[in-house]
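Novice: Spelled out from the first residue to the last, the chains are:
Number of protein chains: 2
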Amino acid sequence: MKRGMTRRIQHASQTARLRIRIVFGDAAMLGPGKADLLEAIRDTGSIAAAGRSMGMSYKRAWMLVEALNSAFRAPLVDAARGGAKGGGAGLTQTGHEVLAHYRSLEVIMAEAGADRIEALRAMLGDMSGRK
Amino acid sequence: MKRGMTRRIQHASQTARLRIRIVFGDAAMLGPGKADLLEAIRDTGSIAAAGRSMGMSYKRAWMLVEALNSAFRAPLVDAARGGAKGGGAGLTQTGHEVLAHYRSLEVIMAEAGADRIEALRAMLGDMSGRK
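Chains as they are written, first to last, in my numbering: chain Y, 2 to 132; chain H, 2 to 132.
Next comes chain Y alone, as it looks inside the complex (with noise of 0.2 Å):
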């Protein structure tokens, strides 16, 4: 970032966001990184360009998508899905659930923590662009 940003500019890159995760057991958990995938997956339509948007390659999508199928009682992802466009992949029912409950959980979690967190930024030194 340039110098000479005005200090609002830098406050507000200052924001505090706020990162869940769910550890199920020993195995199975639910992360950003996931949920953002699950997200790019019904807005894309496809696995490959949902891992692309992301950065992600088309391994490491697939990986992910076979862990959450294989984790929850249902698959969350329907790999056959797509209709005319053919190849494509869409969210089931259980994929949009669990979408729904861990972004609800990001919002209910940063309500019941803003004072906190809050408090902790208020705690940051100048070197992390505070005022």
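Treat the hints as calculated values from the structure; they're not laboratory data. Positions of the beta carbon are idealized from the N, C-alpha and C atoms, including for glycine. Check the hints yourself; a few may be wrong.
Said to hold, decoys possible - From the derived model, a few chain H residues whose C-beta atoms are all more than 12 Å from chain Y:
{"id": "1", "residue": "54"}
{"id": "2", "residue": "56"}
{"id": "3", "residue": "57"}
{"id": "4", "residue": "79"}
{"id": "5", "residue": "81"}
What the hints assert, rightly or not - Covered stretches of chain H, going by a simulated chain Y footprint (3 or more residues, C-beta under 8 Å):
{"id": "6", "segment": "17-30"}
{"id": "7", "segment": "41-51"}
{"id": "8", "segment": "108-117"}
Given chain Y, work out where chain H should sit, using these hints.
Specialist: Below, chain H alone, put in the same frame as chain Y:
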């Protein structure tokens, strides 16, 4: 984990754990690893011992401490502390405050999100140990 354990124990291992990371701007972040390291420094009185207790190299423990110390307005870890023991380290007032805020956030957010985390857990498949 051995086969043949009761379902009840399998179910207990399936408890959902929440991992929170707060990202400030583009640089500073605070997550479970740094929080655990601060706690271990507080408890062991030594950066080296704290790192060892977490299976972390001395170099990595120091890098994390330096990242924390430079991100906040005041240092979180005082490496000169330790008194008679010499060479010890301890948390500063700021360090204690940051750790307390983070641990409180874990509790507050887990409570706020309990219903939705349980809903996600209930959607997990048998392969993840769910009965």
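Novice: Each hint: holds or not?
Specialist: Verification of the hints:
| no. | hint | verdict |
| --- | --- | --- |
| 1 | 54 | holds (20 Å) |
| 2 | 56 | holds (17 Å) |
| 3 | 57 | holds (19 Å) |
| 4 | 79 | holds (16 Å) |
| 5 | 81 | holds (19 Å) |
| 6 | 17-30 | holds (count 13) |
| 7 | 41-51 | violated (count 0) |
| 8 | 108-117 | holds (count 6) |
Checked against the numbered hints given earlier, the structure breaks only hint 7 and satisfies all the rest.
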